[in-house]
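Engineer: Please model the entire structure based on the sequences and the hints provided.
Given next are the chains, with one letter for each unit.
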Amino acid sequence: MNQASFVPQHPPALPPVPVAFSGNRGDFFRLAARGAALELVTVGFYRFWLVTDIRRHLWSHTVVDGDAAEYTGRAKELLIGFLFALAILVPIYLAYFLISVEAERYKAFASFPLVVGFYAFGQFAIYRARRYRLTRTVWRGVRFWMDGSGWAYAWRAMLWGLLAFLTIGLALPWREAALERYKMRHSYYGDLQGSFEGSGWELFKRCWWLWLLSPLAIVLFPLAPFFYAEFKAREWRWWLSGIRFGGVSLESALPRTAFYGLYWKLIGWFMLLSTAMGIFIAVLGFLLTKMTGADLADSATPVTLSQSLPLVIVGAIGYLALILSLNVVMRLYLQRDVWARVSETTQLHGIEAAANVAARGDPASALGEGFADGLDVAGF
Amino acid sequence: MDSVAADAAMAGPGAGPAIYFDGLSSRRQAVVVTFKEQLEISGEGLSPVALSPVSLAPVSWAYSDIRRVDGGPGILRVACLSAPSLARLEIRDAALATELVSRCTQLGESHLGGRGVAKIVGWSLAATISIVAVVLFAIPLVADRLAPLVPESFERRLGDAADLQVKTIFGDRICNDPAGKAAFSKLVDTLRKSVDLDINVESSVLSTPIPNAFALPGGRVYLLNGLLAKADNPDEIAGVLAHELGHLKHRDSVREMIYNGGTSFLIGLLFGDVTGSSAVIFASRSLVTSSYSRDAEQNADSFAIDVMEKLGRSPKPMGELLFRVTGKEGNKALSILASHPLTEDRLKRMSDADRPAGGQPLLTATEWAALKSICGSGAKT
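Protein chains in written order, with my numbering: chain Y, 1 to 380; chain L, 1 to 381.
Hints are computed from structural coordinates only; laboratory data are not their basis. Remember, predicted model here, so these are calculated numbers, not experimental data. Don't take every hint at face value.
[Claimed, not checked] Which chain L residues face chain Y? A few, computed with CB under 10 Å, are given here:
hint	residue
1	Leu86
2	Val195
3	Leu197
4	Val201
[To be verified] Here are the simulated distance ranges between beta carbons:
hint	chain 1	residue 1	chain 2	residue 2	range
5	L	Leu112	Y	Pro16	34 to 42 Å
6	Y	Glu102	L	Asp196	21 to 29 Å
7	Y	Tyr119	L	Leu112	44 to 52 Å
8	Y	Phe118	L	Leu112	28 to 36 Å
Glycine included, C-beta positions come from ideal geometry on N, C-alpha and C.
Structural biologist: Structure representation (structure tokens):
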């Protein structure tokens, strides 16, 4: 690999350039495990550092045309963005409360539409958070960046969402395409403007039968992971293949079965860990009642057992351990493995268009990430 | 590897090939770095790998300004504080990288060291302690101070809003027997008058088997038929209603709203993202808020005892009714988790305050019978 990097990169660069992911799975596991433990110790505050470390790991091991990308965001930015978002959200929540009281007085449950307002705000946060991540992405000494308006995006997302709701999901592919077009149109690599060429119809053609079969998955629930994995793979492939930056175009060859194994392994781990947790609680609870038997002997019915203090504590410890390990498992499969699989099956055409791109754009603030954190929304 | 090492050797000691991005364009420039006073980066000269079509004006970076940034595996990628912020130099030859690392005094760690982690842990602990202190001490204080400041009109609005929800949920189950309603109004109004509450809002009995009663801000009282069915005399019901009115008089609903709102907002937002932690948050919150409401319950009981004495009736029947509903509670649940004091303790308090009834009975026997059958001949509970 080292040698190849020194070979001239002159044209003709006609064959497509593959994207490579060189990250070591063990490294990522250690990163996630350590991060989860620290998240527990710091009651969640470490999440800013963990998220940053994960992104740095993923970005710096993603190699495009011989050069690894770089994530320049830092955890402190996220922390500050979060604190600012908190300061803005407090009065909003208060106003929300007062308005909802007035609305409820007018008519019972009339405050429900206010939830829609929060949904819009969530969409805004998604857009701004994407902007933060993109402006922290650097390749060959030039950053990606984004303009456009978070509110314009939220507005589009709402209208398309309404349409999707009215058509029981049929309009979702078009919604996705329209929103992606907006995002990509406002994304840049240096002075190369992005665009999105995937169409809603294309996504619809690939996924409509999944939409039709989805009620079946409710009845035959073991089918659900297959459906979801299949849908995700098709969606990723459609999305990546539609991305353009100037003359550079992406093409994904992600097999439609790419995620089957992932989701099943994830479910397997969930069941294994939950069972282990159940056994742990049962054994410890049994031992504890043996030891403190005198206290409980007179009222040892199942109801009272579940309410005894030592068991509550043991249960809490077990619960936290379970959450921690599930966290690690989810990050490993859903973030690292998905990332690796998706990037390894992606190719770039016309990379020569990116050979001499002038740097433009400034880093955006992390406020959007803060909102997204405070509102518990996530998106790409 | 061999050929790269050979290149470095050819370039002479203290120099070697590298890749340079100037931070102004994405042009990938093969350069030679030379270790002099400063790190010199030049695109022309000795290196056989100088490929860049445009020759690079020599750049020099001070060793003390060079910082490590994330590169791929096996690549040393550095930036320079005095250069454009995204200018990058990449060295792929291990020997050359070692040489550069040894010269740069402030290269920095690419990842957080033990000390940085300790700092985060320390600050998080401090933040946690401060939040816990705020939840335990500051928010109750704020709630106590703020509750009297909330205008009564606003409280009445809250009551109206809650009433609409009650009506939406129980709309068709409001008991309508006229004689029973008259008796109920008489009882409620006697109580409300004695504690100076608005007697113009309507109160009702709801037909549901749940044995409970509640009062909404503004003075509306709802009695659930389940409780009425278990009651043996008007004093029992009067005591329970007086207890609920006590909550209103103490403005517990407003206080609790401020308290619960503040606590859940703080805890929920700050500890946000640890997947599944909401259960832990909920548990810890219910511990705190239940102990808070236990105080409020105790005060409402005292209030009920006072009211009953003022009306010349004994508070003991109320305790007996509660005991009849819940049974003996000790040992059954963790008392620390319970929202109300244990029923036997409440019964004991009310029995202690027992005295022979001196005042007028609150309802006549006929009125009491009418109230008992307000939801239709007592068959439905």
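Engineer: Indicate, hint by hint, whether the structure satisfies it.
Structural biologist: Outcome of the hint check:
1. Leu86: At 5 Å from the nearest chain Y Cβ, Leu86(L) passes the 10 Å test, so the hint holds.
2. Val195: 24 Å, violated
3. Leu197: Constraint on Leu197(L) not satisfied, violated at 19 Å.
4. Val201: 14 Å, violated
5. Leu112(L) - Pro16(Y): 34 to 42 Å: At 38 Å between Cβs, range holds.
6. Glu102(Y) - Asp196(L): 21 to 29 Å: Distance hint for Glu102(Y), Asp196(L) holds at roughly 27 Å.
7. Tyr119(Y) - Leu112(L): 44 to 52 Å: 36 Å, violated
8. Phe118(Y) - Leu112(L): 28 to 36 Å: 34 Å, holds
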